[in-house]
Each structure stands twice: as C-alpha cells, then as structure tokens.
Amino acid sequence: MRRIVQDPVLATALILVVLFIFLAIILPLIYTIRESASAEGLALFQRYLTESVYQRIILNTLAMGVMVATLGTLLGFIFAYVQVKVKAPFKRLLHFIALVPIISPPFALASALILLFGRNGMILRGIFGTRCFWGEGRSCNDIYGLDGLTIVLSLSLFTVAYLNLKGMMQALDPALEEAATDMGANKWHIFRTVTVPMLIPGIAGSFLLLFVEAIADLGNPLILGGDYEVLATRIYVSIIGLYDTKAAAVLSVILLLPSLTVYLVQRYWISRTSVISITGKPAGTPQQITHPFVRWSLVAIVLAVCFLIVLIYGTIFVGAFVRVIGVNNDFTLQNFDFVINGIGSEAMTDTTTLSAFATPIAGLLGMLIAFLVIRKTFPGRAALDFATMLGIAVPGTIFGIGYILAFNNPIELTLPGIGNITLLPKLTGGRAFLGGALAIVVVYIVRSVPAALRSGTALLSQIDPAIEDASISLGADNAYTFRKITLPLIRPAFLSGLIYAFARSMTTISAIVFLTTPQTKIMTAQILNEVENGRFGNAFAYCVILIGIVLVAIAILYLTVGSSSGAERTLEGGA
Amino acid sequence: MSNQHSLVLENISKAFTQRGGTLARVNAVDNVSLAIDKGEFITLLGPSGCGKTTTLRLIAGFETPTTGRLLLEGKDITQQPPNKRDMAMVFQSYALFPHMSVFENIAYGLHIRKLPRTVIQQKVEGVLDLIGLQGLGNRRPNQLSGGQQQRVALARCLVMEPRVLLFDEPLSNLDAKLRVQMRSEIHSLHKRLNITSVYVTHDQVEAMAMSDRIVVMNSGHIEQIGRPKDIYRRPISRFVAGFIGRANFIDTMAEAVNDDLVTVLLLGKTLTVTMMPTAKVGDKLTAVLRPEGLELRADATLKQVVISQAMYLGSEVEYIVSTGEETLIVIDNDPRASHIFNEGETVGIDFAAETVHLLSN
Ligand SMILES: Nc1ncnc2c1ncn2[C@@H]1O[C@H](COP(=O)(O)OP(=O)(O)OP(=O)(O)O)[C@@H](O)[C@H]1O
Ligand SMILES: [Mg+2]
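Residue numbers (our numbering), protein chains in the order written: chain A, 505 to 1079; chain B, 7 to 367.
Derived by calculation from the structure, the hints in this document are not laboratory data.
Predicted model, so just to flag it, every value in this text is computed and none were measured.
Please note: incorrect hints may appear among the correct ones.
Unchecked claim - DSS-like, lysine-lysine: derived pairs with alpha carbons at most 30 Å apart:
| id | chain 1 | residue 1 | chain 2 | residue 2 |
| --- | --- | --- | --- | --- |
| 1 | B | K129 | A | K988 |
| 2 | A | K880 | B | K120 |
| 3 | A | K691 | A | K591 |
| 4 | A | K750 | A | K1025 |
| 5 | B | K275 | B | K290 |
| 6 | B | K290 | B | K235 |
| 7 | B | K90 | B | K44 |
| 8 | B | K120 | A | K988 |
| 9 | B | K309 | B | K286 |
| 10 | B | K90 | A | K880 |
| 11 | B | K44 | A | K880 |
| 12 | B | K90 | B | K197 |
| 13 | A | K988 | B | K90 |
Construct the entire structure; sequences and hints are all you get.
Here you go:
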C-alpha cells in the first residue's frame, strides 16, 4: 500500500479506476436495487413470485438458460473434440465457420431463421409446404418459442464453449490417455474416465457462461419468443411500453439473482477446482479417434451445424441484396441505400464512432486493472477485480435500467453559501449530456472491460514479475514501466481485448436499448425497429454493413496493435 | 558510523501477513543489522525461506521495512522508491526485456537518465566488451544461451554504474560448469570495478568463493557474519557449522578451563582448545570436527572405529565410520598418499587439536 501511495501517478490511476468502476457499475446497480426495495417494489416482489403468469416467466427464463447452456456446451464440446481428436475433412474451414457467430448482430440469426423456418419460411413453407414442424392450429409447433430460441442462442453462443474446450483439450497431456491405453482401457472407457473428468471445469465453466448469457439475452426472445416470455423481454416491455421503472427494477433484481449466483459459483468454485495440468507444451500428439461410426456421427453433427451457420449468414447476405427475400428475389441496392445514404447513415456513423471511442479505453482500462490487480498490493484488490467483472456478469438490461435510474438527473452537491455544484451532468433521457452519447460509451466500456481484464490477468500472471522489477530497478517509474514493458508484453491480450470490445460494442443491444435518444442513434436499436416492422431487407443491410465494419476494424487493429514487434513470438520463445 | 560504509541496515524487520487461513504476521526478516563497506562483496547465505530474497528486496526498495532504517552512504533511504535508489539488481530469472534487443536492454536505464544518444552508444559498446558479448547487440534475448543472457542482465546493471549491485541467486539457473565459470567472472569483475555488492545464494561454495564476508541467515535473523575462513573454522552455532560445509558433531564436556583454554576428552584423546566465549568446568559442549580434519590410520593405540561405508570419488575418499556411539564422516583428501580402507575394516581415528572447534550447548 505504501508503495502505491508513494507513487502519485499510480495512486491517481488507482483512484480514477476505482471511481469509474464505482460510478459506471456499482452505482447503477445500487439504484436498481434501491428502486426495487421500496415499499411498492416489495409488494411487486411478492406478486411476481406468487402469480402464475410471473412464475411462468421466471421458469421460462431458467428453462431457456438451461437448454441453451446444455445444447451450446454440447455443440462446443463436439466441435472441439472433432478438431482435436478426430480425423475430419476441412478442419480449418470448419474451425473458421465455428468462429463466424462471434460477430452476430442481434436479430440477424433470429431473423434469418424466421425467414427460413418460420410459418412462411422459405424452407418450411417453400420446400416442405407446411407451416408447423408438427401439429397444427393451437398445437402447432413452429420456430417461435423455446425451441427456436434454444437453436438461435446455442448457435450464437457455442463458439465460446468451443474455444474454451478446444484450448483445454489441446493442453491435456496426451501422456495421461496413453497411460490409460497402456493399461488396456478402450477408447470409450478412456473418454469416460480420463478425458471428460479432466475437462469438467471447462465444461462446467462453459455451461455457466452460456447460461448467464442466455438468460440475459434480449434481442432473440423479443422477436423469436412469440408468447414465450422471459424476464429480459418483460423488463423491456415495462420500460419501453409502460415506463414502469419499479416493475422493471424488481424484475431486474429477480433476473440478477441467478446471474450473480452463477457468477459466484464460477468465480469461487470452478476456478479453484481446475485439475488440468497445463505444462506448456504437451508431449506427443493427442490420439485420434478412428472408430468409423463414432467418427462419422461426430463429423456429421459438425457439418450439419456448419451448414446451418452458412445457410443463416448466406440468408442475411442475400437478403440484404434483394427486395424481399423468398418473395421477390430481384437484386437491389435499395436496402444499402437506405442504410448508407438514408435514415441509417446517422446510426451507422454514431455507432461506429462511439464504439471506436469505447474500444481503446476499454482495452487500456482492462490492461491497467489487470496490472493493478496482479502486480500491486492494495486493500480491496480482489473487490476491484470482482466489481469490474460484474460488467459482464450482470445482464445488460439491468445496466440499462440502472443508468436510467442513476443518471436521469444531474448529480449535484449542495454547498452551503456557494450553491449547487454539478458533479455529473444528466446522462440519459431527453436533453442528456452529449445527447446520451457519454452514457452509451460508458456502457460499451463497462460491457467490454471484463473480457480485456480476464485475458490481461491470464497473460500477466504468466509473465515473470521480475521483468517489471528490473525496469524499476534500472530507474523507471511505474508509469514508464507500464508503457514500455508491461503493455508490450501483454500485447496479445490487449489486442484480443480491443477486438472483443469493438465487436461487443457494435453488436450490443440489451444494455443500450433504453439509452438511445433521438440525437444518438444506434444501429442495433435501428435493426430491431426494422425487424419489428418486417423490413428484413433493411435489417439485413444493416447487419452486413455492421459485420463489414467489425471486420475492417479487426484488420486495422491487427495491423496497428498486433504486428511489428512480434512480442508474442518472443514471449513464447521465453527469455 | 563513518562514511566508509556504503550500505547500512539498522534493525530492519519485515512482517508479511500470511494469506489464507490465519492472518498471522510472520517476520520474514527479523531485526537485521548489517554495515557493508564500500566496495565490499557480501553474500547472504541460508536455507530456502530464511529471508534472503526479502532482505535483498528491502535493500532494493521493492519492499518497505516494517521497522528499521536503511542508509546509503550515510543518507536515510528507507522511504525512497526503488527507481530512485542508486542500485541495480540482477535477477535469478535474468528478467531481460524479451521484446527488446540486447542493445536496447542494456541502454534501457541510460535512456531513462536521458543521456545523449552517442554517450549511450559508447557506454553500451564498452560494457558489451567488458562482459565479452561484442557484436551481439542486435540479438534478441531468446537468441542467447542462458549464460549469455545472464551476462546481458549483468551488463544492464553495470552500465548504470550503480553504487550498489544486488544479485538474487543469479547463477542458479545455469548448469554446473557454467556456474563455476560465471562465478569467477563475476568475482574478477568485482575485483576490477569494486562496486559494493550484495549477493544472495543458498550455495555455500559459491558464497565461499566470491565473498569478502558472508552473512549466514536462519529463519529471518542473522546467525553469523564473517569472512569465509572464519565462518568455516569458527562457526558460532551448530546451524552455521552444519550449513557451511559438512561437519561431525560430537557431544563432550569441559573437563578443565583456564581462561579461554578449555580441556575436553574427545575420541579417546584429551586436548585443550581455545573457546570464545569460554565455558565453565562441567559445561556440556559440542565439538565440531570437519570431515577432512579427521584421519584414519591402522594404529591400534588410537580410538578404534569400524568403516561402514567407503566411497572412492577420485579426488578424495569419503568414509562413514562408527565409533559405537557416533557415526562420523571422514574425508581423505589425498588418497594417493595414504592407504585406502575397505568397508568392514576396523581402524584407528586421529585428528589435530587445532581442527577442533567447540560450541556451548
Ligand atoms: N510477499 C510475501 N507475502 C507473504 N509472505 C512472504 C512474501 N514474500 C516472502 N514471504 C515469506 O517470507 C519468508 C522468506 O522468504 P524469502 O523469499 O525471503 O526467502 P529466501 O531466503 O529468499 O528463500 P529461497 O532460497 O527459497 O529463495 C518465506 O517464509 C516466505 O514464504
Ligand atoms: Mg530467494
């Protein structure tokens, strides 16, 4: 502690970081909880927890979370298993296709799925001539509801599980499985008794992560839910339709409970029980599965899912270039004209500008917090890490409400004799500071910092702290050391943090849907508008442009931040 | 406290709060006082966890002492941040900056001092010469061998011309042969440049070979400070005797005392040895006998021992012998000159009085 106080730059940085995290994450949460804890709110709690309509909504939310987490983790596992342990054709292509859903503008997948498999869908109606998968009339099972939501959310989220488990499988020491083989165990037995148990932390971690993401999702239930209502959509309706912040706050707290529980379990249980012995470079290559039936079943699943992904993104792409896909397939640039030159152009520039603002801040903030948490000792170090991670553990809609509640009025300090001093201007709603743009940038940052922090801490804890000590011993202060030594060394984490921040900001909806104002238009909110009005062509044009912008940004980041020094290679070589 | 002292530690203690479980505070460094002369090469020696690294990091300023003062050339630097202290540290893991070339690594501290480019160039070249790495300035650290990397780490410090050089087990990552070579290189560099050096190691041979004085540490406190020869010949405790080199400990008793001359009965011989501080008649004492001070001879007048193990090591023969009460190690340093005994043989054991050192219990 004394060390931090002694260095004014470090102390200032720490104070600013703590202040930011408090204002941007903790304060909105406090406001939300306070709003829900009013007398009125408590009455609502009682109502929501006893009335069957609301019990239904809560159950729906949890069911969706469990379904998505199960299917998504299973898909992730199969994809990873095929990549690491099965001989399969086009592995690199399959890997690449599995990465595509990382950039999925909200509504894009759901809209495409509706156009393909909806009651009037090109495939369901067009090819099979039916409106329902089975049943008809009231018992018609169509794409809307839990099944459709599970498919869409699993498809857009399984990549996380896939990358997570692939990394773990590759790090698994093949010697373990070889040892089991030498003892005469067959492959299935090894799979059950060696491979899966070793991966349990990865599987559980992915499951919980997907669960949290799924129950927090707003975009998909909004257009694919039908009468399957979940908490996030209910919160949305409470605000947008009824402007009932009490009800929204109470529902938020109810949604917060499972999210936070899962976050705590993930943080204090899973991360402690990791049995994987990552030895750096595993000796030998993983054994390949050769059993034809097993192998081809797995490959078939992967191929089918990849086909679906290609089909969906193909629909988005084609849909952007035709008048009404499936109905009038004439080529047109009208949709793009609408976005680029028409009403959409403002949203496009606003969103890109704000994301471009938020990205470097989120990336640097993530690295700075990682540096402080891993390298410095100060009271509340663990709390800072915990609070920062809340930025992603808390569902986006809850931040939306928290911001409305906390920042709809300027925060003022009344000093006797001097008058009012504005500490913080009004950030949300009409006549907000910078048309609400500041609030949106802050939300973008809050939602992106956790990923940067995680990759930052992971990498930094592998780097010998003596390297930074050496810099200080040679006369550098903390700030110089951070710029010249730490940051270049954690460049890969910085880069991935930046990419994540930009992609996340461009595609986020739940956290900003209540914060957009007439002066600040956000693409994702515009897409929602188009989808709700059935103008899929415009929506898809938005999506294609959005994907294009993200890809260009990734390329730029790679060229500027990612290249030149080859710090990654040097690190791997180890000094 | 004259100004010939370079670095002075005054009653330095450092307590860490143990994380997890009990919040007990443990003194990693316990009331350490030490005055280091200008140009002296001093070694902190002790078993793992005895607080050597912590002491060094306290000197460097990476840790702040819980109590005590630190003086550099008479000036109190206890509260000075590490980057403002005129010291440089060589780390066990080399800690080179992997994203910089050898040249940039060495020039790093000079850049911070804002020296002109030409001066930096000149100084770096000079120090590269000094450590025998001419022409390798453009290499990356990972393109160097372990020994070369450690040389760069040393050069990076030397180029700063610090008042104090700090070393934390700099050779422990090198293989045995290279360790011996680097040891003598550091030794001769020190002789040439005469920079006050504090060197941490748990290798007693390294400590003996390089140091002007050795500080033997044990669970946070200083056991003994002294020249290598004094520490080896006159350890003040069983711990020091056992840690520096190998030793046989034999229980005995003060039969007679005359000032600082103490008479004891040892392995069948009565002898008189100087002891400081002296003992009282009847005191229980421990005699320290170095293995190479013992000698085996086929001589029936001597105390008889049975050889339970004989290991021929080329330059010496190592015996484990039993007197009946004690098991002793005997090293014969000149196996060419004397007879080599076999396991199971019974022989006489002898020693010279001046090789015996007495400790009070
Ligand atoms: N930051 C810290 N927090 C808590 N305890 C610490 C810390 N640093 C060191 N210690 C404890 O202080 C004691 C002394 O540690 P130190 O690293 O100085 O030992 P050492 O003599 O250098 O050992 P080694 O030869 O293994 O390097 C140990 O018990 C260690 O666990
Ligand atoms: Mg140490």
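Comparing the hints with the structure gives:
Proposed proximity of K129/B and K988/A is supported: the alpha carbons are some 21 Å apart, at most 30 Å. Under the criterion of a C-alpha separation no larger than 30 Å, the hint pairing K880/A with K120/B is consistent with the structure, at around 27 Å. At roughly 15 Å between alpha-carbon atoms, K691/A and K591/A fall within 30 Å of each other, so this suggested pair holds. A hinted pair counts as satisfied when its Cα atoms are at most 30 Å apart, and K750/A with K1025/A qualifies at roughly 26 Å.
For the suggested pair K275/B and K290/B, the alpha carbons sit about 17 Å apart, so the restraint of at most 30 Å is met. Restraint check for K290/B and K235/B: satisfied, since their Cα atoms lie roughly 26 Å apart, inside the 30 Å limit. Proposed proximity of K90/B and K44/B is supported: the alpha carbons are some 20 Å apart, at most 30 Å. Taking the CA atoms of K120/B and K988/A, the gap is about 15 Å. The hint holds against a cut of 30 Å.
Between K309/B and K286/B the CA atoms are separated by roughly 27 Å; this keeps the pair inside 30 Å, and the hint holds. Only pairs whose Cα atoms come within 30 Å are accepted, and K90/B paired with K880/A is accepted, the gap being roughly 18 Å. Simply put, K44/B and K880/A have alpha-carbon atoms about 33 Å apart, too far for the 30 Å limit, and the pair is violated. Pair hint K90/B plus K197/B holds up; C-alpha atoms about 26 Å apart against a cutoff of 30 Å.
Restraint check: the Cα-Cα separation between K988/A and K90/B comes to about 18 Å, which is no more than 30 Å; the hinted pair holds.
Hint 11 from the earlier list is the only one contradicted by this structure; the remaining hints agree with it.
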